[in-house]
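Engineer: Sequence:
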Amino acid sequence: MLNKVLIIGWLTSDPVVKYLPSGTAVAEFGVAWNRRYRIDEEWKEESHFFDVKAYGRLAEDLSSRLSKGYQVIVEGRLSQDRWTGQDGKNYSRVRIVAESVRIIRKPKLEEVEEEDVSPQDKDPFGDDDIPF
Numbered sequence: 002m003l004n005k006v007l008i009i010g011w012l013t014s015d016p017v018v019k020y021l022p023s024g025t026a027v028a029e030f031g032v033a034w035n036r037r038y039r040i041d042e043e044w045k046e047e048s049h050f051f052d053v054k055a056y057g058r059l060a061e062d063l064s065s066r067l068s069k070g071y072q073v074i075v076e077g078r079l080s081q082d083r084w085t086g087q088d089g090k091n092y093s094r095v096r097i098v099a100e101s102v103r104i105i106r107k108p109k110l111e112e113v114e115e116e117d118v119s120p121q122d123k124d125p126f127g128d129d130d131i132p133f
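All residue numbers in the sequence shown are consecutive under my numbering, ending with 133.
Any given hint might turn out to be false.
Claimed, not checked - Straight-line Cα separation of at most 27 angstroms, BS3-like style, residue types lysine-lysine; simulated pairs:
no. : residue 1 : residue 2
1   : 5         : 54
2   : 45        : 107
3   : 5         : 19
4   : 19        : 54
5   : 69        : 109
6   : 107       : 5
7   : 69        : 19
Bear in mind the hints are in silico, worked out from the structure with no lab data behind them.
Given the sequences, and given the hints that come with them, work out the whole structure.
Structural biologist: Structure representation (structure tokens):
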């Protein structure tokens, strides 16, 4: 059977990396996807949130390359976790197990940071000086 997921969304958290007893890295992070649709003459928007897990080298790479606010393409498969809580009830959660993650866009810099890296409007040589 086919189990394939492809989603474009925004990281809602920095990847958190932990290690299994075997030494395999596991990264967990969240991705949000917004759906816009129209009802009559009014536009609506609803947000959807997905938990994502990555394993091995991918997990290690993501922890050093991604942070909250990045727009990414996540390709992978769905996986269902099942467990019994301390209250005796059965629980389940569906998450995406990433096979690849590609960066589309980095977060925008804050205005203060943009001002710090923007070229200066002033001419460093002044109005009357010849630069040679």
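Engineer: Indicate, hint by hint, whether the structure satisfies it.
Structural biologist: Taking the hints in turn, this is what the structure says about them:
1. 5 / 54: 14 angstroms, holds
2. 45 / 107: Distance of about 26 angstroms is within 27 angstroms: holds.
3. 5 / 19: 25 angstroms, holds
4. 19 / 54: Within the cut-off at roughly 11 angstroms; holds.
5. 69 / 109: 11 angstroms, holds
6. 107 / 5: 25 angstroms, holds
7. 69 / 19: 18 angstroms, holds
Violated hints: none; the structure is consistent with every hint.
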